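Participant: All chains, please: the whole structure from these sequences, using the hints.
So the protein lines, in turn, are chains A and B.
Okay, so the first sequence: first residue is 876 according to this note's numbering, each after it adds one.
Okay, so the second sequence: first residue is 876 according to this note's numbering, each after it adds one.
In short, the hints are calculated from the structure, not lab data.
None of the values given here were measured: they were computed from a predicted structure.
Take these hints with a grain of salt, some might be off.
Said to hold, decoys possible - Each computed SDA-like pair below joins lysine to any residue, with the alpha-carbon atoms no more than 25 Å apart:
1. B:Lys-998 with A:Cys-1048
2. A:Lys-1049 with B:Lys-957
3. B:Lys-995 with A:Ile-1043
4. B:Lys-929 with A:Arg-894
5. B:Lys-952 with A:Gly-1051
6. B:Lys-1037 with A:Gly-993
7. B:Lys-979 with B:Ser-913
8. A:Lys-1037 with B:Pro-994
9. A:Lys-922 with A:Lys-942
10. A:Lys-985 with A:Tyr-943
11. A:Lys-998 with B:Pro-1047
12. A:Lys-896 with B:Arg-891
13. B:Lys-933 with B:Lys-1052
14. B:Lys-896 with A:Met-926
15. A:Lys-933 with A:Asn-1039
16. A:Lys-980 with A:Ile-961
17. A:Lys-946 with B:Cys-1050
18. A:Lys-955 with A:Leu-978
As the list claims (entries may be wrong) - Derived contacts from chain B toward chain A, CB cut-off under 10 Å, selection only:
19. Ala-908
20. Gly-936
21. Tyr-1001
Glycine included, each C-beta is placed from N, C-alpha and C at the ideal position.
Number of protein chains: 2
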Amino acid sequence: MSKNIYKTNVLKLNHRPERDKRITTHCALVGRAFLADSFYFSGVNDKKLIMTIKNISKNWGGKYNIKYISKPIEFIKKEKKKNTIIIHLTMYGEKIIDKIDELKKIKKKKNFLIIIGGPKVPKEYYELADYNISVTNQPHSEVASLAILLYLLNPESLINEKFNNAKIKIIPCKCGKKVIPF
Amino acid sequence: MSKNIYKTNVLKLNHRPERDKRITTHCALVGRAFLADSFYFSGVNDKKLIMTIKNISKNWGGKYNIKYISKPIEFIKKEKKKNTIIIHLTMYGEKIIDKIDELKKIKKKKNFLIIIGGPKVPKEYYELADYNISVTNQPHSEVASLAILLYLLNPESLINEKFNNAKIKIIPCKCGKKVIPF
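Facilitator: Written out as structure tokens, the structure is:
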């Protein structure tokens, strides 16, 4: 979905369908709406989640991918070898406001992998990350942190929504619902 | 938490503890982190949710309120009589980017009530709202929409976090976790 040839992908660690079903779905949809290219998740291989996101992409357009990753550490190490920049979102990280300009420059030249975890992410992920970034140092939500980071990287996500081959499209309106089925 | 005397409060409609537990908690915490003053919720009166948010505010500081609202329509009507501006976040609404400057101006003179619902919000809420606002017209997450709206209203939330009487504070760092207990 990115305008340039470099990709921004998201990796959600340790998905547990009973506990995280809606949170992981929200993270995946935020990735799509704010113009990431792919959503990866580790933990439990949840085929229902994959179907949900694929169906939404089919109806609402675009080329968003979703994929289960069985070995996230190995996956990240492989990405690093391919020169991908690893950004780990954590409330303990450096303030996004101090790093966003640097990240926007790098985004023009390299692929990004944004990792979202939670409070119990093992130390290894912090060490593998090129950037540990906080969206406020207050407890809140990986859904919100991902949205803010992607919005700051892709502010055009609020202006032009270019999702090719959409079957459904909303016409923004003052009151009520206007939907065009193509 | 707002710097001026006017308040920004959030109302989450139709909370269902089994299905929405983590989503409502995330919305409440996003409200706090991005400088809203109070979080209200209708649906089921979930005392565990109230305790969770009160405990977080106690440890992390600030004066964030949380309250159950049994009759949300009546509550909104009362707020309107008090001249509060009602903003309903919905994927069908007018684009936030077209309305944010107007909202920022109004925020200096009036209280805001931000309503977050979901796909099945009754028509009455759309009609009661002064603004139906969309954060993209793509399906994603009320957690993310709330975060983006509050961030755009309060960009200082990413810079200075002023939460009085905090018992815990994070020192942002490149790698690892630095926490100061006061």
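Participant: All hints, please: hold or fail.
Facilitator: Against the structure, the hints:
no.	hint	in the structure
1	B:Lys-998 with A:Cys-1048	holds (13 Å)
2	A:Lys-1049 with B:Lys-957	holds (22 Å)
3	B:Lys-995 with A:Ile-1043	holds (18 Å)
4	B:Lys-929 with A:Arg-894	holds (22 Å)
5	B:Lys-952 with A:Gly-1051	holds (19 Å)
6	B:Lys-1037 with A:Gly-993	holds (23 Å)
7	B:Lys-979 with B:Ser-913	holds (19 Å)
8	A:Lys-1037 with B:Pro-994	holds (22 Å)
9	A:Lys-922 with A:Lys-942	holds (10 Å)
10	A:Lys-985 with A:Tyr-943	holds (23 Å)
11	A:Lys-998 with B:Pro-1047	holds (16 Å)
12	A:Lys-896 with B:Arg-891	holds (15 Å)
13	B:Lys-933 with B:Lys-1052	holds (21 Å)
14	B:Lys-896 with A:Met-926	holds (23 Å)
15	A:Lys-933 with A:Asn-1039	holds (10 Å)
16	A:Lys-980 with A:Ile-961	holds (15 Å)
17	A:Lys-946 with B:Cys-1050	holds (22 Å)
18	A:Lys-955 with A:Leu-978	holds (16 Å)
19	Ala-908	holds (4 Å)
20	Gly-936	holds (9 Å)
21	Tyr-1001	holds (5 Å)
In summary, the structure agrees with every hint in the numbered list given earlier.
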